[in-house]
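Work out the full structure, taking the sequences as your base and the hints as a guide.
Keeping their order, the protein sequence lines are chains A and B. Using our numbering, the first residue of the first sequence is number 1, and each one after it goes up by one. Using our numbering, the first residue of the second sequence is number 396, and each one after it goes up by one.
None of these hints come from the bench; they were simulated from the model. These numbers come from a predicted model, not from an experiment. Some hints could be false.
[Unchecked claim] Simulated pairs of lysine to aspartate or glutamate, EDC-like, Cα-Cα distance not exceeding 20 Å:
hint: 1; chain 1: A; residue 1: K165; chain 2: B; residue 2: D565
hint: 2; chain 1: B; residue 1: K532; chain 2: A; residue 2: D263
hint: 3; chain 1: A; residue 1: K137; chain 2: A; residue 2: D272
hint: 4; chain 1: B; residue 1: K560; chain 2: A; residue 2: D263
hint: 5; chain 1: B; residue 1: K532; chain 2: A; residue 2: D170
hint: 6; chain 1: A; residue 1: K137; chain 2: B; residue 2: D565
[Stated by the list, open to error] Facing chain A, according to a computed beta carbon distance under 10 Å, are these residues of chain B, among others:
hint: 7; residue: Y538
hint: 8; residue: Q558
hint: 9; residue: P663
Just so you know, even glycine gets a beta-carbon here, dropped at the ideal spot from N, CA and C.
There are 2 protein chains.
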Amino acid sequence: MSWLDLPAGTGFGLTNLPYGVFSTSGTARRTGVAVGDSVLDLAAATGDPVHATGSLNGFMAQGPGAWAALRQRLLEWLTDPAHRDAVEPHLVPRSEVTMHLPVEVADYVDFYSSQHHAENLGRMFRPDSPPLTPNWKHLPIGYHGRSGTVAVSGTPVVRPWGQRKPVDGDPVLGASQRLDIEAEVGFLVGVGSPLGTPVPLADFEQHVFGVCLVNDWSARDLQSWEYVPLGPFLGKSFLTSVAPWVVPLAALEHARVPPPVRDPQPLPYLRDDDHPWGLDIELQVRLNGELLSRPPFREMYWTPAQQLAHMTVNGASLRTGDLFASGTVSGRGRDERGSFIELSWGGTEPIGLQDGTTRTFLEDGDVVTLTASAPGPDGTVIAFGEVTGRIEPAR
Amino acid sequence: MSWLDLPAGTGFGLTNLPYGVFSTSGTARRTGVAVGDSVLDLAAATGDPVHATGSLNGFMAQGPGAWAALRQRLLEWLTDPAHRDAVEPHLVPRSEVTMHLPVEVADYVDFYSSQHHAENLGRMFRPDSPPLTPNWKHLPIGYHGRSGTVAVSGTPVVRPWGQRKPVDGDPVLGASQRLDIEAEVGFLVGVGSPLGTPVPLADFEQHVFGVCLVNDWSARDLQSWEYVPLGPFLGKSFLTSVAPWVVPLAALEHARVPPPVRDPQPLPYLRDDDHPWGLDIELQVRLNGELLSRPPFREMYWTPAQQLAHMTVNGASLRTGDLFASGTVSGRGRDERGSFIELSWGGTEPIGLQDGTTRTFLEDGDVVTLTASAPGPDGTVIAFGEVTGRIEPAR
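As structure tokens, this is what we get:
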């Protein structure tokens, strides 16, 4: 129990304690922890300059020992009334803060680890081939994205220009007509690794600090014209939005679930029987406030621990601030799909909305908001900070 | 004429003046300029702290006015004997310096802009299709690479592990058996751009600071198994080597040549009649000292100015330290190919070496060195710092 008056059923209770970077009017960016409807100003409360740098990178680099120690200290502060007088002055109402990009992103990698999503896109993009490429069940397919255009939730989504190819005729330059989302879960590396040394799957918790929602905005018309043979580029690089709150891995211990059965068995470096990192996170996708789908992260074929092991098996180094995202989270059902291209089946099945309009892809003025929750201990809920964005007209 | 005793025919004369980051035994990393067989210690000679940061980023961010002003000042210092007493103490023999990664790389993008290279790979990887994909002549195809594994010339090349797929049978994990190079030219962004605002082709010189050689080491067996549908990932991400010396764009004014004729005409944002940035740079690829090929950069179908315009047409922002590379430079002739997969035609035509051995792909202990030169004014030569690496056995 906290001496703090926490709202009933809050997803930001003592079992969560996510980190973010905030400011209030006229003050510098600093690290905070969300608790109930407040933000605890860690820079002020701890006096530790690592929390006054304006990004989580310095703290993330300190490693699991420091992460656990601070989490324990926060729990004591917020439960023992003896700390109340010292801590309470450093609580700021969340309604009064501006949230910023929580990390300086080093490399950004995007995976493709939902079987339902990959099969759906395979059926649409490569109708004459099996829905999954031959490699899909042998390795977590991924690619590097643009880290310089990772931005915090709320950043306007300017409709991108680019080349698209009409079915008949030459390519044209214009505003994307198939602007989409990808509802994803992102993992942030705290502790780096040296060049030339793979990180084994079992070392996942030694490197990964926390988890945040990601919306990997996608221009499907640009993507489908450009992506053969070297993969997505401008169809993705205009913006990737991340939630302002990073849920510590420790808060998700109770949400761990067995991953799906893999058939065929992957190679030994990807076997995770002893380190299953399936996570029972349910995402929610809302368009202009209306709930469109509930993608189930627990069904992801490849776990983040497998992704980390794969990403480094060639000796690639990790750096503090590396972000790797799951790929679109989609379940089997239509109301579990994490992108509009799936929800509208490539634009052929418009989505009916409560206001009587329909959507295939996003229109100017649309607001997409992703939220998510996971089970915490003792019936508590772990909420993820939302990631939202409003579509602005092309410039 | 310099008061400095420059070696005859040096590629590091007064028309070049490339920047790098160096240290000597027991001293901090700082910016230097290569001139003849010396390095001018800019931190000491100018007293400007921007040259004592250990990377070029701060100076690159200052923009074309500052770049031109310092270049002019350097010329005066090195030509007017009145400056000799003040400048000479800050010259360090190049044989005594250790060179470091010259920039903190923000995002790394790799293009695919040699028509000869793309056609060669298309013929090998997709023998049943036309060698160029339908998009190739409409846009400069590119993808993001891993900036965290960009390292300076001389960094050991540890043979990567990864998944490869035998023709018959399941994928296996093991050391790459088809380790290759890609001889490329890289361009470094000095001045960033805001999110949502494309950079027009004509603004190339406002953003790009300089040019360096790049070897984009590639594991072809990993790449061919993983790359469909999202492009290269682990086949490339283990290491990308860059030269320690960054040739200022101003040094290449005399090397500008008309790019190849484009057919069909690209879309207007890629038309470069008024801003041709073809560059007459000849690369040299050496294996264990033996010259294997001379890839001609002047034949690249897409110029770096077109690449920059394309990379930002969707509104993606630029940051100081962004590196974009040309893609493998290959000419029409066999002795102009910039990769072993082309030189050995997918491993089917072993390359005979002077020592009597042959190569298809790289063997442990092999040393690959890229060099390059371009014409400067008045018959001078602009040399590029070499990028070299020795293959170490897999760990």
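Hints broken by the structure, by number, lowest first? 1 and 2
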